[in-house]
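*Asks:* Each chain is listed here by its residues.
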Amino acid sequence: MHCLTVCRSCFNDVELKKTDSKESIEKGNSIVKRLADIYQNDLQYYLSLKGTPYAKGVERETNQALAVFQELIRLSKLKDQKAITDDLQKRFDQLEAQYSR
Amino acid sequence: MKQYTKFNNISGWAVFAIAAWVFLSTIEMTGSFWDCGEFIAAAYKLQIGHPPGAPLFLMLSRIMTLFAGADVKDVPLMVNAFSAIMSAFAVLFTFWTITAIARKIVFVKNQEPTLAQILTVVASGVVGALAFTFTDSFWFSAVEGGVYATSQFFTCIVVWAVFKWENVADEKHSIRWIILIAYLMGLSIGVHLLNLLCIPALALVYYFRKYPFSWMGVAKTMGIALVILMVVQYGIIAGFVNIGAKIDLWFNQSGSSLWTGFVVYSLIILAALTYGIYYSQKKQKALLNTILLSFAFLLLGYTSYAQIVVRSLANPPMDENNPENAFALLGYLNREQYGDRPLGYGQYYDAKVVGQTEGAMSYTAIDGKYIPTGAKVIPEYDPARCTVFPRMYSREPNHVSAYKEWSGIKGEQKPEFSNNLKYFFSYQMNHMFWRYFMWNFVGRQNDIQGHGSILKGNWISGIPFIDSMFLGPQDKLPDSMKNNKARNTFYFLPLLLGLAGLVYHYKKDMNNANVVMLLFIMTVLAIVIYLNQTPYQPRERDYAYAGAFYAFCIWIGLGVAAIADALKKRMPETTAAMLATLLCLVVPTVMAKEGWDDHNRSYRYTSRDFAYNYLNSCAPNAVIFTNGDNDTFPLWYIQDVEGVRTDVRVINLSLLNTDWYIDQIKRKAYESDPVPFTLNTKQYVQGTRDYIPFYDRSVQGYSDLKDIIEFITSDNPEAKVRSEGGDEFNYLPTKKFRIKVDKQAVIKNNVVEAKDTSKIVDYIEFEISKNYIMKADLMILDLIAHNDWTRPIYFAVTVGNDSYLNLENYFQTEGLAYRFVPIKAAADPSGQTGSVAAERMYDNMMNKFMWGNMKDERVYLDQNNLNMTMNFRNNFARLSETLLQENEPDSAVKVLDKCLVEMPDKTVPYNIMMLRIAELYYRSTMSNALPDSLQILL
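Those protein sequences? They're chains A and B, same order as listed.
Last residue of the first sequence: number 101 in our numbering, and the count goes up by one each step with no gaps.
Last residue of the second sequence: number 1938 in our numbering, and the count goes up by one each step with no gaps.
Treat the hints as calculated values from the structure; they're not laboratory data.
Here are some of the chain B residues that sit facing chain A, going by a computed Cβ distance under 7 angstroms:
no., residue
1, SER1453
2, LEU1477
3, ASP1479
4, ILE1912
5, TYR1922
6, THR1925
27 angstroms max Cα-Cα, derived DSS-like pairs, lysine-lysine:
no., chain 1, residue 1, chain 2, residue 2
7, B, LYS1482, A, LYS90
8, B, LYS1770, B, LYS1824
9, B, LYS1894, A, LYS27
10, B, LYS1682, B, LYS1735
11, A, LYS22, B, LYS1906
12, B, LYS1848, B, LYS1073
13, B, LYS1593, B, LYS1906
14, B, LYS1210, B, LYS1220
15, B, LYS1045, B, LYS1073
16, B, LYS1246, B, LYS1682
17, A, LYS56, B, LYS1404
18, B, LYS1456, A, LYS50
19, B, LYS1006, B, LYS1109
20, B, LYS1906, A, LYS27
21, A, LYS56, B, LYS1482
22, B, LYS1482, A, LYS33
23, B, LYS1894, A, LYS22
24, B, LYS1422, A, LYS56
25, A, LYS33, B, LYS1898
26, B, LYS1456, A, LYS56
27, B, LYS1855, A, LYS33
28, B, LYS1476, A, LYS50
29, A, LYS56, B, LYS1476
30, A, LYS27, B, LYS1855
31, B, LYS1164, B, LYS1006
32, A, LYS33, B, LYS1894
Cβ atoms here follow ideal geometry from the backbone N, Cα and C, with glycine treated the same way.
Make the full structure from the sequences, and use the hints.
*Replies:* If you want it as structure tokens, here you go:
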């Protein structure tokens, strides 16, 4: 393990290192996309319960899934992954529209 | 008939072979979660597991472990294989029980059976026994090293034995079957008490065989059976030891050593029984002779409990309740450690305590003498808020809110008897039994523990329109639910076949149908009533009802006979029998196909490896506090059996409330030195300082913890308060504590990483939030006050905030445990506990930890396993984040990569925990890699 460490109060004095790795971005993207698929899938199922007595039973899960989706959009913006952001935003808007109907 | 017997025997053994192959192919390769680790460790070294003990199971398992050879890692495999083999025998006896029942229906009296009849009877046995093989709950227990498989074996063999007796009841010496049953029951006590629930059904078989039917006769038989059940449960199992303990006390007080009185008492019983048997034989009193012989053999089986005492006297490292004297043995058998719950009459959850009575005096043995430790205090509740058949009695807030939910109580409305019954039927019967029944014979949604949500743990059939009636529309199920390996759908087939068999059984042989029905009812109702379960059980409890599922499988088998009977009206008898067989074999086939992937525990090593990781999170000679089954028992297993990190002392916080456990922790165990508690036995003996309340004495500021411990343990009357009853007890005068830090000792003992020495505080200051401390808390405080940093102290990450005593600010994550350090952690905006010792944690997680083979795509991780993996994902993220903060992006990425490799999406499905992993991948490529909260500092 590398021994160069910085104390939290010393950030100003140190030039922070970074990995300039496409691989890391791709891995981040891959997780984001997979999570988006999972939660979109979940949300579509929760949507299918809308209007039934069972919808109330998944309110907590629905809110959590929507929050995760928003978080994924925020994450994709971190590294300016525009294509992913646009795709996620589009999917989220569709879901939101379906929920607000 | 010869042909049938041959067919019956060969087919039985063939079914046995299939079941054995199924179970042995799907057993876990190492210890499993929950109490399996404890059982395996207890078996391997013949130690004392949790009350009420399972000595016969341990001794038999110990024999199995001898086949492990030199590689101790195969020890759990052998114990698991023992369960598998005993389960296969259970299936064998199920087969022979079904054929014994079916032949009475299918064969024509005094006629040689036809081929069609033989085929029908044998097929009934095959289908019923194989269906039982593949029932969810039985299969679960068959592939792990616990007591339920062996317990089920005893249930199956005694039911088979009573039908054997029934066949030969008029022959000379038929009574030997009854005596065999008594002996088997006695043996079964040394495994699990579930087997006793067969007694009423056995009595009914006896009655039907010996007497002409009358409802009065049935009622009398039931009455006698229940009396026998009570006599065995309370009179023999506990009563025998209870009387022996009192005699032993009397002898001891007269100057004799411990156990003298008990031995004398046992010899008297033995002599009386011998004489009684001799007398009854000589005088030709057959009934008395049978009763005495049965009693003698039942006692003989029960003597397996001698192993508990003998081994406890050797003081093995695991010696729960220390049952080495008669009173401790009695407490062990009575499961006193788990407390009482009302059954026939008792309080509602809102009943106030209005007084207390004293129960029997408790004794402990010190230096060979029984010393009274005080009478057990029994609270008296407001009689206006008590009821018969109390079901909602727990006062724990989360239980109370769930009681209200299940019983329809709104707001502050008081519970009434109607609510009580509603809770009984909706939760205890429906949710905690019928739901399990449907899992086994209709299908199961997933293996996520359910508390009423439509997403978790429900029964499901696979027929969309039916499932949608109970769980809402099913057409857009997400992949995670659709493809969950634990989603098993049987399309009602086992249930329907079983119901057909039940109806047919009643139509053809009402007496025996009543026997099976009684077996079913007893293994449901008696358990539900006796357990009196509160909401939010720590795990699903379906395994307790395997006896009822076994009874239902008898009817599944008879379903074949029912269908063959129906078909033979339209076709030749042999064709009908063959067609019925083929049709009905679909049932176990569907159950096997659906259940295989989630019951197959091959390739999985998580329980063992996670235990390894807990221990390897700790520095040498450490103490680690744990809390539940899953962060304690696997650790006991890996230390006791595999000898891993025996320098680390595992201390379970629940057990630390007992004096016997503290005694044991103060002894050396393997490589682990005694834990240096300063309290002596008299200061923590049961009944002393079990609970220490806080009385505000307006103490200013933080008090030295050593002074507080001295105050709490003082016998000076000025350090005590007096209760309304006149009892004096110690109290806590403040909730704010301070520990002076000896920096030299901290540095010398490598308590903190070298780079962190400047962060060592002069004092550790903390304030507990509770208005009391329990004995376990007192012992923790004693240890941290006097340890002087010589012994590394850890809390497992799974312990939970309630037990941390608000010490979290001084916790440092080093893996699966928080180390108590004299460094104050900065507040973490994401709510994580303590700080991170990145260098140590990196070494632990990247180089030392083992991962249970989770990356192997053949591995199935049930929800319990998956819950455990969340700690790892969180740890990977925490470590990576800390490395980024410490300007180590390459290492941070390596940590993230490791997380993906060891816990891939295929076996540990991605979930919300992966958000941070993705974020950290992104941040590792950024120069402003720090989370927003720390960016502010820049």
